[in-house]
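Undergrad: One letter stands for each residue in the lines below.
Protein chains: 2
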Amino acid sequence: MSSKAITTRKEDYSQWYLDVVEAADLAENSSVRGCMVIKPYGYALWENMQKILDAKFKVTGVANAYFPIFIPKSFFEREAQHVEGFAKECAVVTHHRLEMDEATGKLIPAGPLDEPLIVRPTSETIIYDTFSRWVQSYRDLPLLINQWANIVRWEMRTRLFLRSMEFLWQEGHTAHATEKEANERARQMIEVYKDFFENYLAIPIIAGQKTESEKFAGADCTYCVEAMMQDGKALQAGTSHMLGQNFAKPFNVSFLDEKGENQFVWQTSWGVSTRMIGGLIMAHGDDKGMIMPPRIAPLQVVVATIFTNEKEKEIVSVVANDLVLKLKEQGLSVKLDDRDERPGVKFYEWEKKGVPLRIEIGPKDVQNKKAVLVRRDTSEKQIVDISKVSATTIDLLEEIQKSLFERALLYQKNKTKEINDFKKFEKFIAEEEGFVIANWCGDEKCEAEIKEKTKATIRCIPFEGSEADGDCLCGKKGKYKVIFAKAY
Amino acid sequence: MSSKAITTRKEDYSQWYLDVVEAADLAENSSVRGCMVIKPYGYALWENMQKILDAKFKVTGVANAYFPIFIPKSFFEREAQHVEGFAKECAVVTHHRLEMDEATGKLIPAGPLDEPLIVRPTSETIIYDTFSRWVQSYRDLPLLINQWANIVRWEMRTRLFLRSMEFLWQEGHTAHATEKEANERARQMIEVYKDFFENYLAIPIIAGQKTESEKFAGADCTYCVEAMMQDGKALQAGTSHMLGQNFAKPFNVSFLDEKGENQFVWQTSWGVSTRMIGGLIMAHGDDKGMIMPPRIAPLQVVVATIFTNEKEKEIVSVVANDLVLKLKEQGLSVKLDDRDERPGVKFYEWEKKGVPLRIEIGPKDVQNKKAVLVRRDTSEKQIVDISKVSATTIDLLEEIQKSLFERALLYQKNKTKEINDFKKFEKFIAEEEGFVIANWCGDEKCEAEIKEKTKATIRCIPFEGSEADGDCLCGKKGKYKVIFAKAY
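Protein chains in written order, with our numbering: chain A, 25 to 512; chain B, 25 to 512.
Some clues are possibly wrong.
Pairs involving identical chains hold if they fit within one copy or between any two copies, as the list cannot separate such chains.
Claimed, not checked - Calculated cross-link-like contacts (lysine-lysine; reagent style BS3-like; alpha-carbon spacing at most 25 Å):
1. K352 - K82
2. K75 - K359
3. K82 - K350
4. K359 - K82
Honestly, the hints are just simulated from the structure, not real lab data.
Please model the complete structure; the sequences and the hints are all you need to start from.
TA: Shown next as structure tokens:
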């Protein structure tokens, strides 16, 4: 447990982020460059995310399966854009054992492989090779599969959760008889993600479509959910790709339709990852540390006892234990902190970890049949009759969940400006924080030029409100209204 | 779905096994040599195993975390036996990108790494490197961590679930202040596994200790759970290792004890894997396919409707739907099969998949307010009043669970012989099936000689009844009574 002070957001936002990851005990860098260790508290958060998402996927008819971690090099090469997108940063397995080198006395790679294997940076190719065997007839469609897996991308500049060489994710892969149905599925999963982000992570989402230059390597088009972090930058929180027949053709995923004719399937893939944890920190955290939205929190309530001697400890423990039991019966995730530590030390630890609600019980409280409830998000205190703690806790957790979302939404709205003049745009991006709504001509060159000059990218063409109503920043006729921002 | 006939066990047990994996739609070989694809039905079984085990681990105080997939070569080299055990079969990552070779126009590995990385064949080294940072004081102990992960071992002869290049598993890793406590934890986890195998998978277990020559590479000693398959061979179903201080020393996992003195920790590691699915098939399956014990079955009940025309279909569907709902309310996992297929086709499919109980409803049944319940394990049929189906189903599932275990236990007892004469031993192993209980002198050379001559190995020195009561097969004085068998 670190007891180092957390850098403030104002002072250095990047350092604040890393300090919170450490202070909340979520993850750390490992001895393998760019690979992280997800610590128990961070992993418990990931397990909650998995549980909720997994249930949501299953409701839409998706089943889980598992596919090989290795992808033959030749599979990658079959889809030109795909290999282009991933060849520059992938872990390549070239040997299958270690052997003693007699000259140096050291172990060296031996048993060279005929064909190198790539550690999956995404699994379209290996999964669709499998789909080509699973899909024969229109009766086998739609095929709706998801995989929870680890992924490796050889990132040069890494950052815990946000960009790491290895990360955990889910990747959904579906195959459909028609283009329309595939496109609907790709859009449906964006709705699932949006619902999850807004209603569980309390992070407001802008959903839309990526531009051609920002889409997934191998997709016809990429849909995305984008979120604003507290420094005004965008986080691409999840993507869903309409793959068209780009993989179906090289991997021969085809079926006999009702007329007995052979057709290629239409496909989608979609994913979210441990990156969401980074987003959660940056959307809600404050200078005291992490703030967990109650619906996703590994620990929703901590009951901290206050005492100055053994006798007091005994008295408050009875009441505290009883309360913990009652709260657990309500289905809440609760921890009792009755350690022999100063109250301040105990409070600070759970604040750093972002536990939504702290309940304090001291000898006086026991005497008065009261307890003190402290909200993590606002630091507000309430003194509550011990008999009403359980009901009040449930209300407060709902209230915190709602209030975190509203706060983030207000923040996003306040930090989003409509600007259609390039000078003003440039100045805003350079000097202020937030998203810019602007008309865009639809030209990739214009997009690239703006990116080069300002480092801002088009985050998406939003599903809602993307009709142009004026000229592009470059002066040409606007085609869409889009969201520009600097991004993680 | 395969409609190919399943080879009988008598005909060819190995082929029967592969046929059942295919017929039950559990897994298949992928295009990557030795790597399997776990299909949705097989993965749902794995998810059930995970859920139950995970809860059992957590009850004992274990928390989940996640560690890097890559292990630096130098980490392996720090524990001599460990590297010896794994160097011969590991995937070695040597490059971090693919680059176009201008001469051939092909992508070739580029960006050579300074130090090769090994794809984890087990994670002791990378985890204990992390533990060395997590453990400082006796207050940090015991440290009880588990990881659910994928593992790669470059096996030359692979077999779905039983031996594959990549498999899924859990690996628990703990650190303790004392040798005694570590040893107790290693033994405790064997009890957890035994409980899981016997009470959920319905597979009787012989728990014991491995001999020196069969223990884990780097352990002081290895405890194991061994199970008998229907061909009389043993399956090592799970292991728990007392690692002593063998890793603590090279990885410097040490702590200040209560006296302020620096001490190395004592460690354990323990794991079970997707291999359990192979064990489940071979313990219970029959010539019709898989048999799932109800407590682990992805589908516990299938309700299959019988009809010859649309009107009948409509009538039976109403009753069937109602029944499915009632069974689901009981917390059961139920599927309605109302496809327009012949009853035989429907029944056969769920038989192959081993669904413990089938409920048939046809127009006559509806008229008589009855349903037909058919046990997968015994094929016994019962005609039951529709109002009593729900209660009877619950009883029958319990009965099937119990009966599968008892059948397997009886089988194991009948196929276990006590033999203390080498000629008889050799003949038994060559011509019959099963386990042999025999006195053993404790000498590794004797053990190796028996293995060479008969292919039988010492599966374990059982926790119960291992006191020698006569001479070893080699004629020397017996030290232990052990279990010999051929093994997977």
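Undergrad: Does each hint fit the structure? Answer for all of them.
TA: Each hint tested on the structure:
1. K352 - K82: Between. Shortest inter-copy distance 16 Å satisfies the 25 Å Cα cut-off; intra-copy 27 Å does not.
2. K75 - K359: The answer is both: 21 Å in one copy and 22 Å across copies each meet 25 Å.
3. K82 - K350: between (32 Å within a copy, 21 Å between copies)
4. K359 - K82: between (31 Å within a copy, 15 Å between copies)
Comparing the model with each numbered hint stated earlier shows that all of them hold.
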